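Asker: Letter by letter, the chains look like this.
Protein chains: 4
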Amino acid sequence: MHEIKSLNEECGVFGIWNHPESAQLTYMGLHSLQHRGQEGAGIVSSNGLELKGERGLGLLTDAISDVQLETFKGNQHAIGHVRYATSGNKGIENIQPFLYHFYDMSVGVCHNGNLVNAQSLRIELEKEGAIFHSSSDTEVIMHLIRRSKAPTFEEALKESLNIIKGGFTFALLTKDALYGAVDPNAIRPLAVGRMKTGAYIIASETCAIDVLGAEFIRDIHAGEFIVINDDGIRVESYTKDTTTAISAMEYIYFARPDSTIAGKNVHAVRKESGKKLAQESPVVNADMVIGVPNSSLSAASGFAEESHLPYEMGLVKNQYVARTFIQPTQELREQGVRVKLSAVKDIVHGKNIVLVDDSIVRGTTSKRIVKMLKDAGANEIHVRIASPEFMFPSFYGIDVSTSSELISANKSPEEIRDYIGADSLSYLSVDGLIHSIGLDKDVPYHGLCVESFTGDYPAGLYDYEERYYENLSPRQKAYLENNKQYFDKEGNLNVESI
Amino acid sequence: MHEIKSLNEECGVFGIWNHPESAQLTYMGLHSLQHRGQEGAGIVSSNGLELKGERGLGLLTDAISDVQLETFKGNQHAIGHVRYATSGNKGIENIQPFLYHFYDMSVGVCHNGNLVNAQSLRIELEKEGAIFHSSSDTEVIMHLIRRSKAPTFEEALKESLNIIKGGFTFALLTKDALYGAVDPNAIRPLAVGRMKTGAYIIASETCAIDVLGAEFIRDIHAGEFIVINDDGIRVESYTKDTTTAISAMEYIYFARPDSTIAGKNVHAVRKESGKKLAQESPVVNADMVIGVPNSSLSAASGFAEESHLPYEMGLVKNQYVARTFIQPTQELREQGVRVKLSAVKDIVHGKNIVLVDDSIVRGTTSKRIVKMLKDAGANEIHVRIASPEFMFPSFYGIDVSTSSELISANKSPEEIRDYIGADSLSYLSVDGLIHSIGLDKDVPYHGLCVESFTGDYPAGLYDYEERYYENLSPRQKAYLENNKQYFDKEGNLNVESI
Amino acid sequence: MHEIKSLNEECGVFGIWNHPESAQLTYMGLHSLQHRGQEGAGIVSSNGLELKGERGLGLLTDAISDVQLETFKGNQHAIGHVRYATSGNKGIENIQPFLYHFYDMSVGVCHNGNLVNAQSLRIELEKEGAIFHSSSDTEVIMHLIRRSKAPTFEEALKESLNIIKGGFTFALLTKDALYGAVDPNAIRPLAVGRMKTGAYIIASETCAIDVLGAEFIRDIHAGEFIVINDDGIRVESYTKDTTTAISAMEYIYFARPDSTIAGKNVHAVRKESGKKLAQESPVVNADMVIGVPNSSLSAASGFAEESHLPYEMGLVKNQYVARTFIQPTQELREQGVRVKLSAVKDIVHGKNIVLVDDSIVRGTTSKRIVKMLKDAGANEIHVRIASPEFMFPSFYGIDVSTSSELISANKSPEEIRDYIGADSLSYLSVDGLIHSIGLDKDVPYHGLCVESFTGDYPAGLYDYEERYYENLSPRQKAYLENNKQYFDKEGNLNVESI
Amino acid sequence: MHEIKSLNEECGVFGIWNHPESAQLTYMGLHSLQHRGQEGAGIVSSNGLELKGERGLGLLTDAISDVQLETFKGNQHAIGHVRYATSGNKGIENIQPFLYHFYDMSVGVCHNGNLVNAQSLRIELEKEGAIFHSSSDTEVIMHLIRRSKAPTFEEALKESLNIIKGGFTFALLTKDALYGAVDPNAIRPLAVGRMKTGAYIIASETCAIDVLGAEFIRDIHAGEFIVINDDGIRVESYTKDTTTAISAMEYIYFARPDSTIAGKNVHAVRKESGKKLAQESPVVNADMVIGVPNSSLSAASGFAEESHLPYEMGLVKNQYVARTFIQPTQELREQGVRVKLSAVKDIVHGKNIVLVDDSIVRGTTSKRIVKMLKDAGANEIHVRIASPEFMFPSFYGIDVSTSSELISANKSPEEIRDYIGADSLSYLSVDGLIHSIGLDKDVPYHGLCVESFTGDYPAGLYDYEERYYENLSPRQKAYLENNKQYFDKEGNLNVESI
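Protein chains in written order, with our numbering: chain A, 465 to 962; chain W, 465 to 962; chain D, 465 to 962; chain C, 465 to 962.
A few of these clues could be false.
One copy or two, it doesn't matter: identical chains are merged, so the pair holds either way.
Unchecked claim - The calculated lysine-lysine pairs, modelled on DSS-like cross-linking and capped at a C-alpha distance of 30 Å, are: (1) Lys-537 x Lys-781; (2) Lys-537 x Lys-905; (3) Lys-591 x Lys-953; (4) Lys-728 x Lys-537; (5) Lys-704 x Lys-728; (6) Lys-591 x Lys-613; (7) Lys-835 x Lys-660; (8) Lys-815 x Lys-728; (9) Lys-781 x Lys-831; (10) Lys-838 x Lys-704; (11) Lys-639 x Lys-537; (12) Lys-815 x Lys-831.
Worth flagging that the hints you see were computed from the coordinates, not collected in a lab.
Model, not experiment: these values are computed from the prediction.
Start from the sequences, fold in the hints, and give me the full structure.
Answerer: In structure tokens, the structure reads:
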């Protein structure tokens, strides 16, 4: 459903050390991470002596040609990146990995997530004479590393990781080693795998490890970094100030159903959330359950199973991406969503339907889908959302950073139900979500980052703080007043609050 | 699953008359027919005076740019085509619609299906001085029309339709009218729709009518052709020698689940076939049912529902198409299918699985999927195929025309089970298939073309006859000896056989 | 100067038989003929068994990539074509050579020139059921050949060459032979060469023979065709009804200065025409002679030498072709010609200048050049044109086919002098031109086709006749009344007129 | 002749302030400077508030599309660049102008020439934490400016210009002003012009001023910089330590014949050098003079005029650039030069020829041309070079920086004559060259930089010093011992030497 809704993950990273087909395998790994970013892709690869890179705009197959891939032949080490570009920054200069050639070394670097203090760091660095060549946060860490007085690259990296704030993972490649790093809350995921050949892999999701037939070893945890070189792998903590808070949106929406994060399979979590939702908000007299393809199909099948209702394919998604439709008339524009999604008349006609979706962001898509089903002859439509109300912006790598975009920041469920034209509307509770995922119970939100549902930001707000507080809606303010917060504005754990 | 298996439909056609956005709507219609052909696309459009065309290689969005689409602006009439190119004929000169400018008129023409007497007609025409510019069957009908002595274009078209043999639909556009035509067995489908604006549409599948918010009017039946012009629409028969035999493969594999053919919704048919399959070949002690995405998901959910087993997402398909993977090592090549499809370990590990697939053609894909599931830790795997054994080649527009490609032409189910490594293997019976679809009972095979399962060719063999009989395998011969045939080599109904 | 003036040759042809690098050599040959057509190029090549072709739009290097060229590797025989496309027919389907695959043979064909009876032949053929796929004249001959009842391809070709009228050369390739043919007046040139390896070449100009280090053998004369196969070469006449009338424009403007046509080197002819012009129309008190680059530099140096005046580079042509300049303001548009040509202030300032140009077609370019020189400070400008007044349209392969485009059709030299702002203006006389070239004295115009200066059409007018006579201007009519014509409307030699 | 010989200028710069079509005019200006660089081009333009840029690889028309150009519409200020890329650095990241966005301002910068201390400055800067994103010298100045403590951009620029060494011009654009700068020796040229509209222009050559119909105002002299803003123009010196030494190669080879540098028209200088050469080294018994097109035609016509010999077009250059010729056989490779240049047999056959060329770098091209003329039947060939022996490498922006490439570093004229197969060979003397150009007599070499002929480097050697002295050949050493040098290794004027 990535083409339908306006929720966008900012990137996937991949790295491999010591395989004679490293660039080819990186290409395959990136292909399995393509859902995390479709606007650009790149590979930086090394033969142990020199690094070279290729990158391009668009999907992986457009971004990197076979001829370009062939130029990496024989290189044993590589990192790669797929990118979702936020608007206005779509130039090739922002496509990662970035490759830097210095007089004393070369470094490739790529990044998933968002730094909340990048803007202030950047200004500070520029005042000291630094020159940036992209609008990407990723450059900040390189400047920090190069300006560090630490004696080794690794020390400089550790020092720099302690300066940046937010949700992030990094992959870096030098001729001597492959590095990975995860933010102090493990908001964004990074997993390690091993091939039978002895090659090591790091990747944003385990599906990129599976696709290569490799064995999953472990997740990189909050505040950890990994060094992979010819001596093997070594994982260390660069900070002790950590609180695990894995982005719940990875489970709900972003990750591929076959990926596993922190030991929990994404499809299984989604199916469980559907079951929990059916328990919390059952629908009487329904004839069938349908899910919005593709990300809500697991939750819908869970809902159906729990409700003993048939699970039907009442909506079909066109598996081919249509670029743009130029200058359509109003008549055509209103049909926009039909191009991507269609209702199956013969299935839904005259039926009472439970429509399961993973989330409501702006509400416009839900409104169109409900209308489409009603136009196709559906009788009642009961919308069930397999996550809580999306009430607060995210600053840790999801492309929703202003409250005004969020319908739940301003409207109650009943108002939204009315807006989208459904016969009923319910959301999964925060507790229901947390239990569906089922992580460790001893940390806030059982180890999840649920900032979009609670306004509680584990990595702090920093550069976004002022704008955030200025723009809070009455509904958001009311929520914050009535609900306990675990983290302060710098993301420090407010111990007494636990 | 079109990228996974080697079954390919040869094309989708679309036409629209009398809408100021005709080319734009054709583009949208073709987008919804993209699953029928991904190697080329084109549009011919008319402003009532002149015809112009654009076409290109690849997916629709690559084949026709926004700038090209814009050049049609204001034209009220259009036809369009998406094409699957058989190997060796991938040049731009074969991309349809073909557009012909004569001194007295211009004609656009496109075509779905395959003519079984094209080769002999072509040689005959060339001997009379005809010059062909493509290797496509489609040109044949244009030569027949232009050489006809009939007084009108329509008469010449009717005359020509009676000369060609096979499974086909045609869409033709002149400045005066839009024409559609269906073969005397209605092997390939063509539907008619109407927009609220009064515009008329013809399309290979109803999903292309639905996507435009138009109303379905009727199917074009066996041996009919339709004329749409400013006076409205008119459907006539060009031959009385018809026997309805709709390609069963449209229901089983090709058509989109939201399309309806001859009054039967494709998803519903597939779900029903899954239920029927569960009745014919139940699995005891299974833990779950999984389908091979995407075309087998409906049948799998039917099987699960009938068996009261959980329906799980044990296989995940990468929704992005990866072009080629250059020069992979043996190690990588064996992982080929993983790039498109992955098993979800956490779901399938230690489980007894019913794996539902729509068909087995060569067996190599099934073998890989079974291995992938076993590698992921699955215990028993019981393969259930929601169609009969694919034993005979097709000559009516499916890209399987030699017996040697078909594993069932040479191996028994038990041998195939052994080859693919499954714990059990069963197929839906021909009768089961026919009843799942549920068409009219008073014609052979209840109105279906099931040639691939029975070797009974309703439109005859013609140019393919000699090669067909020379290449029959012992298993095929045995089948033909033991089973009644309704049609002779010219496709004539063998009345006493009914 | 091809980019500056609107005189366009329609194409160059090339063929080679029996060289292991035939396509590569054809590419090099076409490169040396690039000045004859810049809007498309193609190659058809054969390995003795099969023919394959590649073609594309634009300059040779854009039209045919290295990868495409590589696909011909090892083929011993090839023909190639560079094309100037008349407006409205710029599609890839018109790029030659055309390649036809028939059940009994394959043929590649390409063509330089223009057929004056193509339109009527085409309608006649279409009435008999023929289907054309391009708007090019070249297809006509293929239809004639395929419909011929002659027993061999060669006989059919001969028969067809006798049906078409106009100025033309053809190159045809089958797996068995390479054919070349020249119109009955030899209006368009075709030369034969031989490489040291024994390979034979045919080409529109000798520069394509020289570039390959090959030896010139002979020109193909009026009404001849050549067959080159593994037995060697054979030249025959397909008609006895011939009168040599080589296009004077090849010498004046089209051909490369290093080419030789009918034994006369083009640079030498141009230099001689400059000398003759200086004798006929000397300029007193001039300080220097400058030529309009590039085609008039030879004539200018001849004028300078004869006049004992310095030959200076007062105009510089930008050697890089600028595509388009989008939406310029009026101010910019007026500077249009400057982009291609600039006056050298320091050279021309305060000087009396003889400006030699090869021809005046519309007068707009001359007007701009004179203004540019005056703006640069030139004192007097005396324009001398190294050819007669361009008074009549051409129908034999030059892109000037309507009188309204020709300033000399309507204005006297004095009126044109006034329009272009020159201080004096003179043209070379028809006799002066004929003597500068110096061909055989015993045929009309000494063996030249000077239709643009005399309105005397050696190959007749045919399909153009009616429009031609309807559009004659008073000045054209007056010329025709006062001057003897050698040829009638069918191009027959009016013997008593000689 | 830029495609024939391996002498390459490194770039042309252009800038314009205050014209509503600034980007369009920059495009036209760059088109007229295309001969200075064909491997990339770019434009940075401003609307007075923001700067935006477009750039691309290849010729201007490939590098910047009409659509890209259109995005600048309405911007009043712009700079542009055409680039010659030295091998290995052909990526898009090296294409200029570079555009930098800082928190406090944006800057566009581009550059012609070469800095001799760039490498040491770069390492120094990197040690302080600077990150470079290209391999271009141009980035150095931006880092110097941003690290300067000077209070204003202009002061920082002045400071930085005093740190860098070599031959260079810069154009910089901010929202407030357009800046130009010239090195302390004025090795590379920069001219200022004014349009009638009041817009100001800076450009590497005056031909870019002329093409826009603008008026030349003055050259920027050694050590000067210019500021153009809404208050008008202001020229200042950033250093007093200047000695004018304009690159003689601009006159001899690089600049367009219609350009004027330091008051001397390039064509006139070349013609004069031809005359001087005829006086210094006349040829007896010659039949004609021919020049190697295009850059030697002026000198050849001067030689002819002075010698009273006919000036003929004995060599023709193909005006179309052929990309590459893949995998040619030895036979084809030897014909390489013929593709670009051909001898006109009918002109040169049996003749004694004076062949005028502007320079001999490696000798391979001269050898081929002499052979080509002899193959075409020429009798004696007397080569006359309109510049002195090219004996020393250049480090100020010409792509000849190693002695081993230079035939004159190792061979005497007689040895070279023998190598190229000529009947005689003479060079213009250094004095002859200096007098042909005719600049101010009171500075070393009359104000020219003739380092390639004398080994006297007015801007010093710096980073190149060590390698230079290590690689001196015996012939170079002998020259240096026998001839007075004006400049020391830092480029300081050795006053007593004058």
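Asker: Are the hints correct? Go through all of them and say.
Answerer: So, going through the hints one by one against the coordinates:
1. Lys-537 x Lys-781: between (38 Å within a copy, 28 Å between copies)
2. Lys-537 x Lys-905: neither (47 Å within a copy, 60 Å between copies)
3. Lys-591 x Lys-953: within (26 Å within a copy, 36 Å between copies)
4. Lys-728 x Lys-537: For Lys-728 and Lys-537, the Cα distance exceeds 30 Å both inside one copy (36 Å) and across copies (52 Å).
5. Lys-704 x Lys-728: This pair counts as within: shortest intra-copy Cα distance 25 Å, inter-copy 63 Å.
6. Lys-591 x Lys-613: Cα proximity of Lys-591 and Lys-613: in one copy and across copies (18 Å, 10 Å).
7. Lys-835 x Lys-660: Between copies only: 17 Å across chains, 52 Å inside a chain, cut-off 30 Å.
8. Lys-815 x Lys-728: between (35 Å within a copy, 18 Å between copies)
9. Lys-781 x Lys-831: Result: close both inside a copy and across copies, 17 Å intra and 28 Å inter.
10. Lys-838 x Lys-704: neither (54 Å within a copy, 41 Å between copies)
11. Lys-639 x Lys-537: Answer is within; shortest intra-copy Cα gap is 16 Å, inter-copy 41 Å.
12. Lys-815 x Lys-831: within (18 Å within a copy, 40 Å between copies)
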